Every structure is written in structure tokens, then in C-alpha cells.
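With this note's numbering as the guide, the letters of the sequence shown map in order to residues 1 to 121.
Some clues are possibly wrong.
[Said to hold, decoys possible] Derived CB-CB ranges, DEER-like:
#1 69 / 14: 16 to 22 Å
#2 4 / 30: 40 to 46 Å
#3 23 / 115: 17 to 23 Å
#4 70 / 106: 36 to 42 Å
#5 106 / 13: 40 to 46 Å
#6 58 / 28: 15 to 21 Å
[As the list claims (entries may be wrong)] List time: in silico BS3-like cross-link candidates among lysine-lysine, alpha-carbon distance up to 27 Å:
#7 66 / 113
#8 95 / 113
#9 41 / 95
#10 41 / 66
#11 113 / 99
#12 41 / 99
Please keep in mind that the hints were generated in silico from the structure rather than gathered at the bench. The structure displayed is predicted, hence computed values, not measured ones. Beta carbons are placed, not taken as given, at the ideal position from N, Cα and C, and that holds for glycine.
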Amino acid sequence: MTSHEIVGYVFICVGAIFDFFGCMGLVRLPDVYNRLQAATKCVTLGTIFILVGTAIATAVPAIAIKAILCALFILITSPTGAHALARGSYLSGVKLWDKSVTDKFHERAEDIKRSYSGEAK
1 MTSHEIVGYV
11 FICVGAIFDF
21 FGCMGLVRLP
31 DVYNRLQAAT
41 KCVTLGTIFI
51 LVGTAIATAV
61 PAIAIKAILC
71 ALFILITSPT
81 GAHALARGSY
91 LSGVKLWDKS
101 VTDKFHERAE
111 DIKRSYSGEA
121 K
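Given the sequences, and given the hints that come with them, work out the whole structure.
The structure is reproduced here in C-alpha cells:
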């Protein structure tokens, strides 16, 4: 086994650990907003680590290029999708967890709702 394969396998193992903790967060966290954070941070980072590890460990350039392109795609789309889901959830009335400390989006959400309904400020 060559040194670049070992480094690749280490990246894959670290990515699998991040994915595992992200999945635990999806199951254990109390509300949709906290779950989205777990999915966005841990699972995105874990999946990118797995793909980069695959690119490093493989001897086939076509596979390495595809893995890096997939990692870039995930890096762009996962946080964007989570943001859209969180914003849509909040605007549709999904409540925060009872023990949430602050809600900094409340005023902006009210402005957005007024603009959608056609009301003036």
C-alpha cells in the first residue's frame, strides 16, 4: 500500500466519522433548525472528506476528477439547500425549540411576510 493510499483512507475514515455524528445529530437534536445544522455541517464535511479521500487514494484520474467535482457540488448546494429549508420552515410557521435562547430572524420574517401579503410597513 502506498503513502497516498494511506492518506486517502485516513480521509475516508475521518469523513465516515463526521457522517456518523451528523446522522446522530439528525436523530437526537430537538427541532428542524438544529437538525439542519447537523446535516449541513457534519454530513457536508464528512461527505467531502470521503470524496477527497477517494480522489487521493485512487490511481484512476477520471475517478479523482469526478470525486473532486462532486465534492465541489456538495460544498455549494448543501448549505444553500439547508438555508432554503430553514427559511421556508420559519416562514411557514415551524416553531423553534422551546429552550431556544434567541430568535434573530423574527423581525425580518415579519417584514418578508408583509411584503408577500402586499401590506405596507
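Okay, the hints, checked on the actual structure:
no. : hint                 : verdict
1   : 69 / 14: 16 to 22 Å  : holds (21 Å)
2   : 4 / 30: 40 to 46 Å   : holds (42 Å)
3   : 23 / 115: 17 to 23 Å : violated (37 Å)
4   : 70 / 106: 36 to 42 Å : holds (37 Å)
5   : 106 / 13: 40 to 46 Å : holds (42 Å)
6   : 58 / 28: 15 to 21 Å  : violated (34 Å)
7   : 66 / 113             : violated (42 Å)
8   : 95 / 113             : holds (16 Å)
9   : 41 / 95              : holds (22 Å)
10  : 41 / 66              : holds (22 Å)
11  : 113 / 99             : holds (25 Å)
12  : 41 / 99              : holds (22 Å)
Consistency note: the structure conflicts with the earlier hints numbered 3, 6 and 7.
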